[in-house]
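Enquirer: Residues per chain, in single letters:
2 protein chains.
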Amino acid sequence: MINNDNDRVVFFDIDGTLLDTSNFAETARKAAIGLMVDNGLPLDKDEAYGVLKTIIREKGSNYNKHFNILTQVVLGHEDPMLVALGMVTYHNVKMALLRPFAETIDTLIYLKSRGYRLAVISNGITIKQWEKLVRLNVYSFFDAVITSEEVGKEKPDNLIYDVALRKMRGNPEKSVMIGNKLKEDGLGAVNAGMSAILVNSDVTEEDREFIKKNKLDIKIIENIGDVDTIL
Amino acid sequence: MINNDNDRVVFFDIDGTLLDTSNFAETARKAAIGLMVDNGLPLDKDEAYGVLKTIIREKGSNYNKHFNILTQVVLGHEDPMLVALGMVTYHNVKMALLRPFAETIDTLIYLKSRGYRLAVISNGITIKQWEKLVRLNVYSFFDAVITSEEVGKEKPDNLIYDVALRKMRGNPEKSVMIGNKLKEDGLGAVNAGMSAILVNSDVTEEDREFIKKNKLDIKIIENIGDVDTIL
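Heads up: the sequence lines are chains A and B, in that order.
Residues in the first sequence are numbered consecutively from 1, following my numbering.
Residues in the second sequence are numbered consecutively from 1, following my numbering.
Hints were generated in silico from the structure; no laboratory data involved.
Model, not experiment: these values are computed from the prediction.
Be aware that one or more of the hints could be misleading.
Any copy will do: because identical chains look the same in the list, a pair fits if it lies in one copy or spans two.
With a straight-line Cα cutoff of 20 Å, these simulated PhoX-like cross-link-like pairs (lysine-lysine) come out [said to hold, decoys possible]:
{"no.": "1", "residue 1": "LYS153", "residue 2": "LYS128"}
{"no.": "2", "residue 1": "LYS94", "residue 2": "LYS128"}
{"no.": "3", "residue 1": "LYS65", "residue 2": "LYS128"}
All chains, full assembly: derive it from the sequences and hints.
Expert: Put into C-alpha cells, the structure is as follows:
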C-alpha cells in the first residue's frame, strides 16, 4: 500500500520551520555575554553584545570560535576561562530553549499516516542538522537529511533540490517543500518542479502578489499544524 | 596578609582528582553505542563497543570523530544520523554524570582560607579544561589553567611544571601538586622542586617503597578531603 505512494516526499527545512528558533540564539548569546562580563570581560554588556554581533556577521553563524575572537578583540589575547564560560553558557541556554513548534510532532505523524516519506533539506552541516533532530527526538520520522555541506550548493540552488529528489526517489510533481523562507524554500522548490508551503514566513503583500502573478505553486500558512488543510 | 603567602600555590590535576571520572566515559560510550545499535548499526552491542574501544585506542581519547569512524568501519560509509545520535547521547550522559568528589569544594574553600593560590596543571586542551571547571562551577577558585596544549609538553615533563610555577609566580618549595597519578603528578612535581599529594591513586606497595627509598616528598591520601591533614 505504502509502495504506490513512495514517490511522494515532503521535505522540511529545520530552523524556524520544525524548530522554534525565535530569539533563540539571541537569548543564548546574551546570557553568555552576561556571565563573561560578570567574570571580568571589561566592557558593559550592551557593548560586548555589539562586538559579538559584529564578529558573527563577519565570520558567519556556523563558525565556532566567536567567543575566542571576542576575548582577543577586547583583551588583546584569548582568555580561555572566559571563552569556556561563554561557550558553556551559550550551549546550555540553547539546549534549554531547543523545542519544536507546538504542532510539529502532530504534523509529522499526520504526514506519515497519509503515506508521505519525509526528509530534510537544509543549509548547514549534515551531522549538526541530525543532532537537532536527535535532540528533538523526531529523527525516526526522517529518511534523509540533505545539506548544503553535502551537496556543495545552498538552497535555493537547483542542485540541492535535485540531489534531494534523487536521493529520496521523489516525484517532484507529487513532492512538497515546507519551509519558512520564500527564496530558499519557496522559489527553490518550485524551480525544481515541486510545490512549496511556507510557514512562519515574513512574506510581504508584494511577495504574495509576485506568487499570484507568476502562478507559483507556493501556499502560505500561519502554523505548521495547518499543513493538513493542504496535504 | 595574603601577600606574604602569595608564592604558595596548590596545583591540581582535574580528571580523577577534582572530578569523579570513574566509569564516566565508559558509561557514556555504552549508552551511545546502545542507541546506535537500536537505531540500525548492524552489530551487537558488545561487538560495537569493542570496535569503538579499538578506535579510541588508535586515535586517542581527545580525538572528536570516534563515532564517525565507527560508522565508516561498520557500514563502509559515514552515517550522519547514527553519528549525531552517538554524539548527543555520549555528551548528555557525560554531562549528567559530571560531578566533583564529595569533598572537592570543601577542600578548595579550605585551601583558599589558608592563603594558598590555586591553579590547574593538566594534560589536555586549555578551553576544554576550563569548560570542566565552569560546568562544575568551581572556576572562581582558580587563577590559571596550564595545559600541555599551551606548553607543548605533557606532564611529567619539567617544562609544564616550570611554566606553571613561573605563570603563578610560585615558590616551588612552598608549592604542592595534587593529582592521582604517580608519574605524571607525583614525580613530575618533585622533579620541579615541589612536593606532591596523591589522591585516588593506584600506587602499589612497590611504588610506596620507591617513594620511601628515594625520600621523595610525595604523600598519599585516600580522599581529597584529607588534604587538610597535610596543608
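Enquirer: Would you mind marking each hint as holding or not holding in the structure?
Expert: Against the structure, the hints come out as follows:
1. For the homomeric pair LYS153 and LYS128, the shortest alpha-carbon distance inside one copy (17 Å) is at most 20 Å, but the shortest distance between copies (33 Å) is not.
2. In this homomeric assembly, LYS94 and LYS128 come within 20 Å of each other (Cα to Cα) both inside a single copy, at 14 Å, and across copies, at 19 Å.
3. For the homomeric pair LYS65 and LYS128, the shortest alpha-carbon distances inside one copy (16 Å) and between copies (13 Å) are both at most 20 Å.
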